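Engineer: Residue numbers (the numbering used here), protein chains in the order written: chain A, 208 to 431; chain B, 195 to 1003; chain C, 3 to 436.
In short, the hints are calculated from the structure, not lab data. Keep in mind that this is a model prediction, so the values were computed, not measured. Honestly, I wouldn't trust all of these hints.
[Claimed, not checked] DSBU-like cross-link-like pairs, simulated, lysine-lysine; straight-line CA separation at most 30 Å:
1. A:Lys237 with B:Lys601
2. C:Lys33 with B:Lys329
3. B:Lys601 with A:Lys269
4. C:Lys158 with B:Lys334
5. A:Lys269 with C:Lys183
Next come the chains, spelled out residue by residue.
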Amino acid sequence: MSSIDRRPPVRRYEHGSRVPGWDEAVDLTKPPATVPDPALTPVPEELRAAIEAEMAKYPDRKSASIPALHLAQRHHGWCSPEAIKQVACVMRLTPAYLTSVASFYDMFYLQPKPKHDVYVCTNITCSLLGADELYERMCEAAEGHDISVRGFECLGACDIGPMASVDGEYVGPLNLDDPKLIVEDIEAGRPVLEHKQLRRRAVADAKGRVDDFDGIAPVGQEGN
Amino acid sequence: MPRPEQKIIKLTIDGREVEAVQGTMLVDAAKAADVEIPYFCYEPKLGQPVGACRMCLVEIEGIPKLQTSCSTPVRDGMVVNTQVQRVKDAQNSVVEFLLVNHPLDCPVCDKGGECPLQDITFGWGKGRSRVIEPKRHFVKPLALSPLIAIDRERCILCYRCVRFSQEVAEDWQLIFTERGSHTFVGTHDGHPYVAPFSGNIIELCPVGALTSQPYRFRARPWDIEGAGGVCTLCPAQCNVEFTVRDDKVLRVLSRENPGVDDGWLCDKGRFAYQAIHVDERITTPLVRDGSGELRPASWEEAITAAGALGQHQGSVGALVGGQASNEEAFLIGRLLREGLASADIDSRPHGTVELGLTRALAAPKLQATVQDIEFAHTVLVLGTEPLDDAPILDLRIRKGVRRHGVKLAIASARPSALDPNAQLSIRYAPGAVVEFLSGLEWALTAPGSGETHELAQLLRDGGEDVVILWGESLPPAALAILLRIAEKLGLAEREGAGLLEIPAGANARGIREAGALPNAGPGYADTTTGRDAAEIAAATAAGDIRALYLFGVDPLRDLGARAEWQAALARAELVVAHAGVLTEGIAAHADVVFPAESSAEKEGTIVHPDGRLQRLRVAIKHPGQVRAGWQVIGELAKAVGLDLHVLTAGMAFKQLVAAVPFYAGLTLEQIGGRGVRWPETEAAAAMPAGTPAAQVAVTDVASGPRPEVNGHLAAGTYRSIWASPEVEISPALKFTVAEQLVELAPEDAARLGIEHGSTVQVAQNGTRLSGRAVIRTGVPAGSVFLATGIAKDSANALDELMVEVVKSR
Amino acid sequence: MPHLLFDRIDEPGLNTIPVYERRGGYSALRKALQMPPEAIVEELSQSGIRGRGGAGFKMGQKASFLPKGEMAKYLTCNADESEPGTFKDRELMQKSPHTLIEGIIITTYATGIHHAFIYIRGEYQLQADILDAAVAEAEAAGYLGENILGSGHSLKLVVHRGAGAYICGEETGLLDSLEGKRGNPRLKPPFPAIEGLYAGPTLVNNVETLGTVPTIINMGGADYAKIGTEGSTGTKLISVSGDVQRPGNYEIELGISSREIIYGLCGGPKPGRTVKMWFPGGSSSPVLLEQDLDLSYDFDTLAKAGSMLGSGAIIVVDDSHSAFEVMQKVVKFYAHESCGKCVPCREGTNWTNKFLARIEAGESTPMDLDILASVQSQIIGNCLCVLGDAMAMPVGSIVAKFRDELEAEIEAARERANALPLTDTEDLLALSAH
Ligand SMILES: Cc1cc2nc3c(=O)[nH]c(=O)nc-3n(C[C@H](O)[C@H](O)[C@H](O)COP(=O)(O)O)c2cc1C
Ligand code: SF4
Ligand code: SF4
Ligand code: FES
Ligand code: FES
């Protein structure tokens, strides 16, 4: 196994599952998990309203399941069984339906997780440019902080590889000293690595650029 | 909804021209032409093909890539190759891939010998594997539910089980979690997969991943035989195959019959076979001795004791339970009318229906079939909960809505499991169904607004093919209105439209046709009118009737008016019963008990609610001293001085056919394994005509639920799918035995300070029942629903509508 | 060469309507609304534009497959952009979201669609927020909503965020995901144009494809077709990354030489390094070599060379990296992203992944490369969607083109393993006996 498998990005069970329970029998004392009865399932009012607003956007309410799970994850910190049950109650679906959906997508956590998310891209381009070591450094730097570090597939920013998404903010190219700074920025509640944020980068194509752009030059074109 | 037309086309498979119905999937067309294409995930019963396993790839000329034959409908002129090298390579590949993670633990696998994966690996695999990498490992086997064990290593992720849960039962409890090769079958947060139809996934699984807890390791395929039969635990009468080893039923499988069950079974039908071989079952005759104890007796003793019925000529009341066969019901009618000079025989738990009306409602042209449900424009479910009363029809209704766009309407007092699928769900107050139907009849002709009018409009303008499923518990007054509504909608005039009664007893229809009614003889013939069940109770309690003959009925369990029946049973001088289990009333009051047959032992015929005669056949020998029902009735008749002339079950059938004009000409061979719907036969013309419904002036009446009155709630009743003695004594089903669940509206529960799951008392005129509160959104405020048919605290102890519900201290 | 999409895209404020309009934005929409819908489809056909998402299917033709008439039809813009190496849609959506929105409005007008979705990958939070704001702005300006600019055309546009799954870029996986399910691809036929979202006819197009529509309307299809080559008209946004000195997004005219892109625009590998291999169209495309650099960068030439233009994402690998390392990254990605629905892909990617682990552990022999290659060929063509092929084709090409190097790698790994005590083997045996 290659080095980056040593530290599992997300808590995984022996065969690789993120979902607890694969190696346990069901709990026969629990009732079957049917569509939760609204009278028996309290849902925080703002969460309910937000989910209902999402449902209203689509011809079929089920379409709102991913947006609703995002909302619930934000509200509860992770897609806990309780969070899923609340979404199920508002959407009139079974909790199992939503568990099935949530476990398909990488951004949903079915286990409690630290508050902050750092996705380090370890896909082809980034790894050609040193992402594996960066990932290890990031893990070390995050040790003891309320930060989850995951190796992620291509995040769609190979132009700034090796890169990471820090609570959604794309930063790169990162060097091996950056993980420490990222952690500091997170802890201080500051924007992360402002001078490396993708949102401020100019396009690489020369004809795309303008003189009054006040961002950062494209990678490799800092001189121009 | 018109059923699709069938057009025959020609195609070439492996160089041979074959015919097929246009639109058939290639894999099926090939099978019909004796070309076997292997497959795992394809199962048309589950809906659209998913194309997941890739086992069924074939070459179709003109298409560069191999195609999945499970998802390719045949077209005229199609040229298909299944034997070319490309196809073989693909098949080899898929088999090799399937085994990458499969444990190949066949020697210890319960599926061994009847496993599609074994067969296909042998038939279409290369015979060797190049995989030496470690496989994925799971702890195994694990409980998925009390009934099902799961072995995740063996799972090939074919989607069958999860599709069943999601697209057939629509319970959405069984899911795939995770993605890619991490995917596994599971449930939400460790909840068990407990649902009324869960057992079907065992049969669907093409590997040994899902196995039946009760059947695991009880037999190998070469130890067993299959015997066709019919389940008689409810009126749906699903076709089954008993797995028999050494004259023991070890398992029940479905035996697909599109006209009946579509190949599914509910868990009661699948697992309650255990009741056949448990100690609780009575397998010898019992006679009450001088000290008042029921003790085992010889047949001679028992028949002699029961023969004392003959001393009560003209004063015997008989009740026939829903599991009786047509022949048994017919012979009991003869015994009573010819041998005991009594007309007091009944099989209806909910009161007599006037004969003209009975005939009109049973008229051949007015009968909807099970398949009509699937293709109707509109289905109205009236006063019944299919999930409880005929579970498999719940699946058929869902299928109609899901696949064919059937518009579903529900009209009931109690919320229904089908409400989420319905276009319209109307709640009337418990006991107000007559008012509701009057309102509906009114709305069919008069303009107006409100849900009753919406329903009227749906029935009238939503397409001509309307099927109304109605529950037998509708009071007789409601039936007259129902008949008028059917006439107004012209249901008798359309092939695909009609009424379908969901009776209380499994063979209620056949029993009535065989003449077990107080006001009709065999074939709904006119007869001297006797007393119905309620009148028998009253007359017995009053001493007018001195002896009771109970064939598969325990009035304290199965009928209402519990107090009256208690008095009747106590007063009766002689109570003779046929029973499989000593339920309360039988245990306390029967003087003679004959051991009853199970449906796996019985020979005879029964009638499905849609008029289909079906055959029960002998799958196993009678255990213990049990004897055939027809034989016992014959011996009893002899003991009272009547020779019924039945020496075989076949002779009983012949007598029945001779007595029921609309069965004329039917033979057991014709009925065979699939059954025959008599309303479709020529003899149906011999059915006596009903009395047309009297036209009355109708007015609009309120029938909606009303809030509590002085703290009292209107009580409706229900009989859970799990309320049956067979369930109670089946070890595997112990976890789900029905108890008194008191269903309350959230508003009422809050007002009464009752918490979900807490113990409550239901009181009426000094009678108190204890039960567990279930707060259920959808129960209208002011209504409460109580269970009947259960062993303890049954709501049949309550005689009036209004009850008080209080917290238990 | 004209710059049609990237021209001064960095202009501050271009993501807002005032700046976008000042630069001529929404004029194509005004023009289009004066045209009969069929005429727009005709312009699209004439332009010859091929889909920019990966498959390269002609856009005009796809739009014409959609049944005519009033019914619930949908447009879904594929902004999932998860193919490794691809990041062009990101730049367009972030900096000029109205280009996409304008393209969507015109396309829906042309096809009689009143409900459109942008399915954007969940990781693109910034871009999704920008799109949300732009949609709100367009609604306020009357470009979205009922009776757009008095034309009678109405459109509801919803930005839908995904949650991290590559397979949701596959158009039918996307539709299932948008319906709120697991993003498993569907069997085709039926194709989305006949039965797609909510079982209604659905047009699925890439961000760049739809973003080019306003240009085509402004220029006229015939003039657009003059750019590029005959089979590959127009300009293309390409994402270049890996071992090049100036990585990033570029707009090129289709048909220029690949060398001009990799060396000319992007500066090639670091001095002293040479191109060892390159993926011309994302990680799913079979690799090409240094000797292929003079191939014209267009759909047909790359297909003829045994690879594909795909999403227009070039990943350059220089000679400092081993072929094994590249292959392993590719395989890990696809094994992680296989949706698991169909057997050859689920088990094939997973098996290949374990296979490479075995090579790395020094547990295999050069002969095993034959099995590796054969496993790839067993995947190709047998899967439900092409994700399986998307691993098997590049892996197959690497095994074929770097056989000697891989054999040497296997030998080296064996030596490494022998230098250590055989604990790894025992682990492996212990695991398989478990
Ligand atoms: C595994 C897989 C992933 C894909 N990912 C994307 C994607 O991220 N973005 C995209 O536009 N197309 C993607 N596609 C292609 C789409 O299926 C589809 O062809 C495309 O969205 C059509 O749009 P176009 O015709 O405008 O290119 C992917 C295809 C496959 C098989
Ligand atoms: S458990 Fe059985 S039926 Fe379910 S997916 Fe696995 S193999 Fe198929
Ligand atoms: S090829 Fe892979 S991604 Fe596509 S359906 Fe099959 S398993 Fe899913
Ligand atoms: S490979 Fe890292 S962002 Fe694409
Ligand atoms: S049976 Fe056709 S793909 Fe599974």
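Engineer: Confirm or reject each hint.
Structural biologist: Hint-by-hint comparison with the structure:
1. Pair hint A:Lys237 plus B:Lys601 does not hold up; C-alpha atoms about 35 Å apart against a cutoff of 30 Å.
2. A threshold of 30 Å between alpha carbons decides the hint, and for C:Lys33 with B:Lys329 the separation of about 61 Å lies outside it, so the pair is violated.
3. For the proposed pair B:Lys601 and A:Lys269, the alpha carbon gap of about 21 Å is at most 30 Å, so the pair holds.
4. For a cut-off of 30 Å, the pair hint linking C:Lys158 to B:Lys334 is broken: about 50 Å separates their Cα positions.
5. For the given pair, A:Lys269 sits about 8 Å from C:Lys183 by alpha-carbon distance, which is consistent with the 30 Å threshold.
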